[in-house]
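Colleague: Count along the sequence shown starting at 1, add 166, and that's the number in the working numbering.
No wet-lab data here; the hints were simulated from the structure. Nothing here was measured: the structure is a model prediction, and the numbers come from that model. One or more hints might be untrue.
[As the list claims (entries may be wrong)] Derived BS3-like pairs: lysine-lysine, alpha-carbon spacing no greater than 25 angstroms straight-line:
(1) 253 - 172
(2) 255 - 172
(3) 169 - 255
(4) 332 - 255
[As the list claims (entries may be wrong)] Pairwise CB distance ranges (calculated):
(5) 203 - 264: 43 to 49 angstroms
(6) 258 - 220: 34 to 40 angstroms
(7) 295 - 238: 22 to 28 angstroms
Quick reminder that beta carbons are idealized off the backbone N, C-alpha and C, glycines included.
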Amino acid sequence: MQKILKVALFLDRISLVSSKVSMIALWVLSFLVFGLSIALNFSYVNSKLDDLSLYCFALLVLLAISHTLKEDKHVRVDLVYAHYTQKTKVMSWFFINLLFILPFSLIMVKYGLDFTIQSYKIGESSQNGKIPYYFIFKSFVVLGFVLLSLQSLSEILKAFVKIWQKSYAIPEDVYTEESKRIKAQSAKMQ
């Protein structure tokens, strides 16, 4: 079980790195929006700024999805979920990740990779032609869903350990000293 938890914690670290990169994207997006608002106030239209702000926002969202899943900050139907016992929550979380999130993410990776490769082969650029190498932006979709797949796998492993040990406590109770060290590191980074 310790090895399974170590793998899950390693996958959690990947999600932590992606969240830090998405914070950089947030800063870049802030500057782009500021530049765009100034350009609009002075009647200066620059479609590159429009495109860059859109793609930067996409990067921000796609990189933050896995971290949101890790931190359990995603949207769910809390009206129903609040009445579940801890055991039911763990079991449902295990099956939701196993049957829905992971397969959907892998499907998105497969088809997103096909679209990215096709975009690279034809040398696709943005609709207005201002931004070349459009495949880079399409690869963000693949990257975001790869990260989501890895985080979903981590959630499956953590739920499996809880089910196996019949310990349906909140996630922090399942972690070992290794996870406490990782959490302390992430707190220092913030």
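Colleague: Each hint should be assessed against the structure and marked as holding or not.
Modeller: Outcome of the hint check:
Using a Cα cut-off of 25 angstroms, the hinted pair residue 253 and residue 172 holds, with the two alpha carbons roughly 23 angstroms apart. Of the pairs offered as hints, the one joining residue 255 and residue 172 holds, with about 22 angstroms between alpha carbons and a cut-off of 25 angstroms not exceeded. The straight-line distance between the Cα atoms of residue 169 and residue 255 is roughly 24 angstroms, inside the 25 angstroms bound, and the hint therefore holds. A distance of roughly 13 angstroms separates the Cα atoms of residue 332 and residue 255; the hinted pair therefore holds under the 25 angstroms criterion.
At roughly 45 angstroms, the beta carbons of residue 203 and residue 264 sit within the given window of 43 to 49 angstroms. In this structure the supplied range 34 to 40 angstroms holds for residue 258 paired with residue 220, their Cβ-Cβ distance being about 36 angstroms. For the pair residue 295 and residue 238, the supplied restraint of 22 to 28 angstroms is violated, since their beta-carbon distance comes to about 42 angstroms.
The structure fails to meet hint 7 from the earlier list, while all remaining hints are met.
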